[in-house]
Amino acid sequence: MSQETERSRPEDEEVETAERVYRRGEDSAILRLSESQVQSYNPEDDRRMVINMGPQHPSTHGVLRLSLEMEGETVLRSKPIIGYLHTGMEKTGEQLSFLQGPTNVTRMDYSSPLFSELAFSLATEKLLDIEIPERATWIRMLMCELNRMSSHLLFQATNGMDIGAVGAMIYGWREREEVLRLFEKITGLRMNHNYIRPGGVAADLPDGWRDDTLQILDNLPDRLDDFDSLFTGQPIWHERLQGVGVINATECLALGITGPLLRSTGYAWDLRKDIPYLRYEEVDFDVLVGSYGDCFDRFAIRLNEIRESMRIVRQILEKMPEGDYRIQDKKVTPPPRSRIDESMEALIHHFKIFTEGFKVPAGEVYVAVESPRGELGCYMVSDGGPKPYRMHIRGPSFTNLQVLPHMLQDCLVADAVAVISTVDPIMGEVDR
Amino acid sequence: MPKLPILGDTSSISENGLAGFDHNFLTGKIEDLVKWSRTRSMWPATFGLACCALEMMATGAAHYDLSRWGMEVFRASPRQADLMIVAGRVSQKMAPVLRQVYDQMMEPKWVISMGVCASSGGMFNNYALVQGVDQIVPVDVYAPGCPPGPETLMHAILQLHEKVENGEITRRRQEMGAGAGIMVEQRDGQTASKVIIGKRE
Amino acid sequence: MSDEETTEGVEEIDDPNDEEIPSTVSHGQNVLHPTRENLLEVIENLRNEGFAVCIDVTAVDYLENPKRDLPITVKPERFEVVINLLSHTKRERIRLRVQVPEDEPTLPTLFDMYPGSEALEREVHDLFGIHFEGHPDMTRILMPEDWEGYPLRKDYAVGEIPVQFKEAPGS
Amino acid sequence: MFAGLDPLFIGDAGTIEILLIVIMKVVVAFALLLVSVMLYIWWMRKFIGAMQNRVGPSRAGPFGILQTLADGIKLFFKEDLIPNQSDKLVFKIAPFFSIVPALLVFTVVPVAGDFSSSGDGTVTWFGNKTFVQLADPHVGILFVLAMSSIAVYGIMLAGWSSGSKYPLLGSVRASAQMVSYEAALGLALVAVLMKTGTLSTHDIALSQNGGITDWGLVITGFIPFIIFFIATTAELNSPPFDLVEAEQELVGGFHTEYSSIRFALFFMAEFMNVITMSAVMVTLFFGGPGGYYPSLGPAWLWGLFWFVGKVFIFASIFVWMRGTLPRPRYDQLMDFGWKILIPLALGWVLLLATLDVFKDRGNDGGLSQFLVLIISVTTLTLLAGLLMKSIQLGKQRRELDGEEVFG
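Protein chains in written order, with the numbering used here: chain A, 1 to 432; chain B, 1 to 201; chain C, 1 to 171; chain D, 1 to 407.
Calculated from the structure, these hints are not laboratory results.
Heads up, some of the hints might be wrong.
Claimed, not checked - Label pairs and their calculated CB-CB ranges:
1) G72(A) to L386(D): 26 to 32 Å
2) P361(A) to D103(B): 49 to 55 Å
3) E165(B) to K319(A): 54 to 60 Å
4) I391(D) to G188(A): 54 to 60 Å
5) Q95(A) to E165(B): 40 to 46 Å
6) D103(B) to K165(D): 15 to 21 Å
Values in this document were obtained by computation on a predicted structure and should not be read as measured data.
Beta carbons are placed, not taken as given, at the ideal position from N, Cα and C, and that holds for glycine.
Given these sequences and hints, build the entire structure.
Here it is as structure tokens:
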């Protein structure tokens, strides 16, 4: 892993690459058949067969379904079929007010829920044109970085399991649990927090949060070193991941791939660094890039991004300012609990905000944040009412999944598992 | 069949199989043994759908440790699994698959509906989701929460163990009419849906 | 290709575009309003300027909200396809809003320029019923294949069922 | 008359006693193996639990020791299914192909007896001298090889007859993997046989009773043991070489379609094989029941103690690997078997043979003696070098291929 390297420019012959990546005809990497056709498809060549991987398969991370056309164990063409977790969240999002919105979006990317909330809240705040207090911003950063750690730990767990190292599964969860425990203390829930809301965060950090965070930061480095000794230097691990699922930067750009997948090709693009939001320009961290664009790079990048996040969290602990945790704008923020007992107006105000919601000026906005999986964007249209007219989340996993047929071509089934695992799709975010 | 002194009237065995056994000393003890073994070794199928799947896996991990009940053997093949934990929201597209997996499981089989989305659709009351997995498969235990914490899931599992220990070993589950018995006609999004409460057809 | 050449190229192409294509600024981001006819041309130019990534393709159904702020020269239609492009070199985003009429919901595909828009366009097709001409695989992606209707259209009901507060059967 | 049937029996023995002893041995061996499998599975789950900071089974019986029993009873009372598309007869028979060889291998393993340096590995029961092993055919080790080969059929037929795609892939993998590693297994064995000069398992164990320096491990020079161990792991489908099941890739591999008691048989056969192959390994390389024999209690009991202890350590090593190592890919596994293990085993056998010849001619002390040594060692080194080069070339070629594919 080198530190931020010189950014390569998109090449001129991008169109050609694009054609090579996603050819249209028979020789494309994709099995261009509809779902029902795939179901009954029998290749003419009887050395070939079509295998359905998923939607209920242990290594497809939930309900991804892959149709693989195989010759022996070699994958020739494949087609990812998604939608098995389509929840209609964008439709539901139009029924919920802006205050209720984070409840909805937090259930999209369930392994890093705070990022969806953040994108939603930032979009709403941009429409409202409000500036949230310093402390709220830093709390958001703290929570997001912790969430990035827990999400990447989850990746280590599932990746280890997919390659067959069952131990990694448990170790990853064990570490993740420590972070979740802190989340539970701060937000009240282990997952689906609904903590970052338009106007700030739901509650101030509880007493002792600093010690708890420090405890995680103190414990984790040793555990990460264990991961290193268990995997990073291990020959079987190298054999399984190195040179598998290779992709280069041009192909990534053509396919709209973001996040660790893009960075593994040596292309240092991280929204936190390049288009900073919150206060990321005030903290010091490195953007990690790989050099081969293979599964091993993606694994290593994620492992080391945990370390980078820990570095950021330490800086946040130093810089965390005092102040309010949410904006004191009567229009957006409900009155504090103590005021409700004293004042009728406060009670009415509280009732109004939670039943009707607050009105947001008409307009449309796109906001993106760097989630552990890549660029997570929120496109929001308001018609001036209390509910979004249209709420669209651009999930990084959704776009990243398109790379699968290309990466899977001419690899073995076992490699397919490794590739799916290191692309690390979260199906909730893919299907929404 | 002749009438045996210990087994009692066995004439119905030839017709109904084991379900035809009268309950007596011998079969009673076998029942206890079978129930004991079923509660101690209930292998779940790996059927993770959404958020709840993470909590389900967390329940199997070091902090909560399902292996204490012999349940760490998550079987990927439904043929060998006893318990289907429907962990997460079931979309209209997933519903047939879920039913198929359930049908592929061998008797005896149980279903835990984990989380509100699986139990009732939860906060997503819309066109895309099946409003409660009990429309598709008979559910034994509903675990509330969004997502239910590992403690809740463990509680649900213990409830199911209790149910197994108090139930019968031979009857097929479907005939017992398990599940809440709420049927919602599948919608196309354009018209209001019809809700049937009562016996499944 | 050196840095200078790129910047020069950008300026050359940029100027005529600003005259032709109505553009606005929304919350700090440039928004272009091309028509369906010149969409591909505009995108081609943008792509040469360095907008190498198609981040997002989505649509909005303005059935219940016909009065939205658009430049005067743009005729509002029911659907609007929103395309988000990102330039890594300029660290800048640009948004394209294309009006798509209700009676003929078609649009040329971006697939040839941005293969990554494949799934995004399929999603728009699935949920809004907007057809992308020239797309290699214009089928439903999220909903089951035999699904009728386009769920995210405003005239498509949410599909709520009323909450049941009834006695459980048999009790 | 029974003595004629069973060449084990030494000295005069009454018919009834012989009959009794044989029956007793059969029953004890069978029961012992089943109970040890039960305990082994429990121990495996506990041990893996401990490695993963968990408790492991704890509810079924004290410390969860009855866990396997519960699994077994549950599976026994589960609905059985024979898929429509399957070849019904083969589907039904396959599990037995798997479990019977696993049971049979144990018959030739010397379990106990006086294997102290002065002992001859026998016990005296009912006034008869006999071995504490079910049978000691003169071709004992070949019997082990034969049985482990037959076990392949169980897996292969199971996968093929299921009439489903994932099991088919699993069975194809199984047959290729097992055939390849069988070769390495046999070649590693040859080293032991050459040194001990016998095929009988009892004699092999007895020839190692002089202490650690006499163990097959030392006299064959470690390498055959390592090869044998790795090949055994692959032969047993034990992780990390469990590609035949490979839950993450092939769902359940060959046993995907099996349920109920048929699955339980596979399950049991898998772990029984681990125990029996550990026992074989102990017999071949670790002196069988040999060890330190204090003059306390009957000697054969000490033999049993050492034997069980050694097998336990090996079985635990298998668990350890199960809990830690990631799984190699299929082609890597085959490469490893054919390009490294088999040549290495072959070369080592040649080397050992050379040294033996060298030793045999030790009396003449002439130049020819050293000439043999030098020439053989040089040839072997050259061959090894060539082999490594060819492996390297092969790898490079694959990388080039890879580039064409991935650009």
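Each hint tested on the structure:
{"no.": "1", "hint": "G72(A) to L386(D): 26 to 32 Å", "verdict": "holds, 30 Å"}
{"no.": "2", "hint": "P361(A) to D103(B): 49 to 55 Å", "verdict": "holds, 53 Å"}
{"no.": "3", "hint": "E165(B) to K319(A): 54 to 60 Å", "verdict": "holds, 57 Å"}
{"no.": "4", "hint": "I391(D) to G188(A): 54 to 60 Å", "verdict": "holds, 58 Å"}
{"no.": "5", "hint": "Q95(A) to E165(B): 40 to 46 Å", "verdict": "holds, 44 Å"}
{"no.": "6", "hint": "D103(B) to K165(D): 15 to 21 Å", "verdict": "holds, 19 Å"}
Against the hints set out earlier in the document, no violation occurs for any number.
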